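Protein chains: 2
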Amino acid sequence: MGASKTHIFSTAHNELAKIAKVMAHPARIAILEYISKQDNCICNDLVDVIGLSQPTISQHLNEIKKIGLLRGTFEGKNLCYCINQERWDELQQSFHLFFSNINRNCC
Amino acid sequence: MGASKTHIFSTAHNELAKIAKVMAHPARIAILEYISKQDNCICNDLVDVIGLSQPTISQHLNEIKKIGLLRGTFEGKNLCYCINQERWDELQQSFHLFFSNINRNCC
DNA sequence: ATATATCATCGTAATATTGCAATATTAAAT
DNA sequence: ATTTAATATTGCAATATTACGATGATATAT
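Read top to bottom, the protein sequences are chains A and Z.
Take the first sequence: its position 104, counting from 1, is numbered 104 in the working numbering, and each next residue is one higher.
Take the second sequence: its position 40, counting from 1, is numbered 1040 in the working numbering, and each next residue is one higher.
Derived from the structure by calculation, the hints contain no laboratory data.
Computed from a predicted model, the values in this text were never measured in an experiment.
Please note that the accuracy of each hint is not assured.
[To be verified] EDC-like cross-link-like pairs, simulated, lysine to aspartate or glutamate; straight-line CA separation at most 16 Å: (1) A/Lys65 - A/Glu33; (2) Z/Lys1065 - Z/Glu1015; (3) A/Lys21 - Z/Glu1015; (4) A/Lys66 - A/Glu15; (5) Z/Lys1065 - Z/Glu1033; (6) Z/Lys1066 - Z/Glu1015; (7) Z/Lys1021 - A/Glu15; (8) Z/Lys1021 - A/Asp48; (9) A/Lys21 - Z/Glu1063; (10) A/Lys21 - A/Glu86; (11) Z/Lys1066 - Z/Glu1086; (12) Z/Lys1018 - Z/Glu1063.
Construct the complete structure from the given sequences, taking the supplied hints into account.
Now the structure itself:
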């Protein structure tokens, strides 16, 4: 085995799990936090800030990009990107809904 | 490699990543949602509800337990548990803080 | 006491993730 | 055109995760 049986779960459950998976690594949390606090788009300082190799940072950025959290140009020299705020708000709302939906009468 | 370099990240980043990791699987999202919506503690219906084998469900429950999200007794027959609401609120707050901390002046 | 039901643990196979060195690609600068 | 700087891709090794069958432990029912 080793692969998740995604087909037996609802789209909503798979979606939230996918988002959580991106956040399930301290490097990606650190990257997201760093970018989200910047005044401007950032370019080439993440490798120094985070402390992982350039290929590893690049891979982590790609995971973050996959769920639509980054805006910017991704070609050539001086890649410049920042948080996609609409998407950011969507994710925040997804987690909020998940955690809000609890039955306080239990136990 | 294969293992995360947790030592180079802050405790806060590692903590949030650890929580997200638990949520990074649709089965665990489904389990958490199901339990959190119940009126009473649940016992032996998760295997049927989720659709994974009993050992697999047991493992997922253990992951959820590790971050303190479950309350109840865990030995013998008729295991009975529900959501630890204090911890639930803590996690909600953690995600809320993470997503709130964004600089809206960028780009 | 024995059987039954429920949950945990062990062992194992399949797959995914993490990380980096080496290399490739891209665009600007000289 | 060549060099240089920034990012992406490839390939690989180490480790982690997912899933389940088999088995073990525990408590209730008969």
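Results of checking the hints against the structure:
no. : hint                  : result
1   : A/Lys65 - A/Glu33     : holds, 15 Å
2   : Z/Lys1065 - Z/Glu1015 : holds, 15 Å
3   : A/Lys21 - Z/Glu1015   : holds, 14 Å
4   : A/Lys66 - A/Glu15     : holds, 12 Å
5   : Z/Lys1065 - Z/Glu1033 : holds, 15 Å
6   : Z/Lys1066 - Z/Glu1015 : holds, 12 Å
7   : Z/Lys1021 - A/Glu15   : holds, 14 Å
8   : Z/Lys1021 - A/Asp48   : violated, 25 Å
9   : A/Lys21 - Z/Glu1063   : holds, 15 Å
10  : A/Lys21 - A/Glu86     : violated, 20 Å
11  : Z/Lys1066 - Z/Glu1086 : holds, 15 Å
12  : Z/Lys1018 - Z/Glu1063 : holds, 10 Å
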